[in-house]
Amino acid sequence: MRTPGKTMPLTLSDVTIRLADRLLLSVSATVMPGDVLTIMGPSGSGKSTLLAYIGGFLDPAFTASGAVLLGQDDLIALRPQQRHTGILFQDPLLFPHLSVGGNIVFAIPEAFKDRDVRRRMAENALDEGGLGGFFDRDPETLSGGQKARVALQRVLLSEPRLLLLDEPFSKLDMALRQQTRELVFAKARSAGLPTILVTHDRADADAAGGALIHIGAERQS
Amino acid sequence: MRDALQRGIGTGVAVMLCLPVLAGLAGTLLPAFGYLPALGGTQLTLGHFEALVAQPHILRSALISLAAGLISTFVTLMVVCTFVAGFAGTRPFAFIQHLLSPLLAVPHAASAFAIAFLIAPSGFLIRLASPELTGFDRPPDWLVPNDPLGLSMISGLIAKEMPFLLLVMLAALPQLPVANARRLMSALGYGRVSGFIIALWPLLYRQIRLPVFAVLVYSTSVIDVAMILGPRLPPTLPVRIAQWLADDDIGARFLASAGAVLQLALGLFAIVVWIGVERLGRLCHRRLSASGKRLSDDRLLRRTAAVITTLSAALIFTGLGLLALWSIAGLWPFPDSLPTSLTFRTWQRALGGFAGPLANTIIIALLSSLLALAIAIGLLSRSAHGTAERWFPVFLPLLVPEIAFVFGLQILAAMAGFSPSIATVAAVHLVFVLPYVLLSLAPPWRALDRRYEQVASGLGKSPLKILMTIRLPMLLRACLTAFAVGFAVSVSLYLPTVLIGAGRVTTITTEAVALSSGGDRRIIGVYALLQALLPFLGFLIASLVPQLLFRHRRAMRI
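Sequence order for the protein chains is A and B. This note's numbering puts the last residue of the first sequence at 233; the count rises by one with no breaks. This note's numbering puts the last residue of the second sequence at 559; the count rises by one with no breaks.
Read the hints as simulated data drawn from the structure, not as lab findings. Be aware that one or more of the hints could be misleading.
[What the hints assert, rightly or not] Below, computed lysine-lysine pairings styled on DSS-like, alpha-carbon distance capped at 30 angstroms:
no., chain 1, residue 1, chain 2, residue 2
1, B, K466, A, K199
2, A, K183, A, K199
3, A, K125, B, K466
[Claimed, not checked] Here are a few chain B residues that face chain A, going by a calculated C-beta distance under 8 angstroms:
no., residue
4, F396
5, V456
6, G459
7, G461
8, K462
9, M557
Here the structure is a predicted model, which means the values were calculated and not measured. Think of the CB as a built atom: it goes at the ideal place given N, C-alpha and C, for glycine as much as any other residue.
Can you make the complete structure from the sequences, with help from the hints?
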């Protein structure tokens, strides 16, 4: 995993997204390594579209402009797979045809060639997430919280340069939500990843503790 | 820049897909007007059309084909529409749907034989009623099947196209607000059928129009079914063209090309008439909607539709059972309902004959459907979210009578020096297999949650790696089903195999149809049964492989 020293600040400069002629959002912000920028807005306000633009899979129906800089690198100029944007969605989206361990091994960068090394890295990551011995399990047999932790370990092991969180806690129940939230933010902080969280849950924003941007028509106080 | 490149590739693919049809049409048109240097035709002439017109009863042959196409398409559409309108979402619907769907895989020729074995004067139905009810102690002298008006052929086509149109409608239904419309219309006092037709039919029909045209053109130009069930004196136009093609007299080839051009015109004319029918239907629909008629008691109508669909499926299944029974029948004199003894002698006798064609059938079907699957994956991964219209070139082969362009392809292949081989037959099969593979694979391809790929992309994986390690494994079942559909289509192809194989590459299908004039029921039973069972081999693979591979993955089972 990257040491915090190697990570760089993320800068959104005049990122604008339109659907046909309608302006959805326009954002400028800088997120320091380990910090969380929270973007709040009602559904349909385009907050997930912003993540799609940063990640490199914007639906062609939208037009977007503006630079997304990681340090001095312009991410938009890179292919999606070169951007190394770790993404967590509402659903854990574990690949259903792979085992729990297979999901994590898949994420380990190809630079690690040795099969045993890759397996050991995955097992360590599972241990760390409190999922020791789950390597050969079918992801479908895991509980919601366990799946969320596998998804988090999968993202972290892929050596991301930034983290995009698309309402990743909204489908978890209350107790689990708080636990998972703390875990994710703690991991992002210790890995020094600049993180963008989109949500419509005020509690998410409070827990993130970073800057907060409201978008869309319905502004909440 | 990348967009322009993609557009360029798109156009290239479109041209590549249209090419076989267009080249084939050219190869048919030129000899029809006298140009075929290889056979000494260098002068443009209308003489071959004059010769065609001078053929006895040619008009009758053409009209029967036209009528069979229009009537069978119309009746099938009406029955399936009433059935879907009356039952969509109910328990009987699910039952009949399960009953019909395996019939989709049964080749046209096999189901035609199944029907012939039932309705023939010495067939099962008359045997059941004889001699007690009918008094027959030998088969009556009726012209059934092969009746001069083509009624047995039309019913055979209806029974076979019903599962296809039903499946096509089922695929379109989820995109329509069926439940809401039903609630609204029944609150307004409409019956199930009238409510469905007024509220949803125009939307549904718009989505299934292309397949309906395909059914229309197919039934207008069908050969194998017409040879088995159709009239004999004179046969339908496509059958006569095929006979001229098989004629040793070289001049008959020119006649056949002129006939193929007539067939093309007939197919176009059928489409024009159908568009007229559509107009008329729209008018009736408007009248019905404006009249306010509720037609709330439509039980009789609904039941009729359900009975017809069930009965046609039952007919084909019983017929298939009969094929099996005949293939192992010992002595089976008329009017006994069942054979007096069973024996495997017919199978032993036939084995030497069918081993080669069986191997050919399987190899050709494997080659063409696997290649079609690869092409379909390539096309879909380039532009998964394109609409159906973008794929139009792929469907062109289904909208042009096969004889009109496969014949031309045969001439072109001969001119280019390709001798008939497994490879050339498989290449032409590919033209017909690809549309169905694409139709089968596209919906699950689009339905896969794209976020899986976005996650993988964020993990640093290239599009190719994501395709190979995420998308294709997750869609393994859908890919194998598409392969099985392609396999079934290839197995059932008659005309392209006969024309391109030119008697040197024979399959179970060409052999079975060739036997139809002979009348040895036992041997026909063997071949038709093999033909009917082969497609299920593909579907068996499609259901077993994922079951085995993913036996420890709960979410990968249905």
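Verification of the hints:
{"no.": "1", "hint": "K466/B to K199/A", "result": "holds (28 angstroms)"}
{"no.": "2", "hint": "K183/A to K199/A", "result": "holds (20 angstroms)"}
{"no.": "3", "hint": "K125/A to K466/B", "result": "holds (16 angstroms)"}
{"no.": "4", "hint": "F396", "result": "violated (25 angstroms)"}
{"no.": "5", "hint": "V456", "result": "holds (5 angstroms)"}
{"no.": "6", "hint": "G459", "result": "holds (4 angstroms)"}
{"no.": "7", "hint": "G461", "result": "holds (5 angstroms)"}
{"no.": "8", "hint": "K462", "result": "holds (6 angstroms)"}
{"no.": "9", "hint": "M557", "result": "holds (5 angstroms)"}
Going down the numbered hints, you'll see the structure goes against just number 4.
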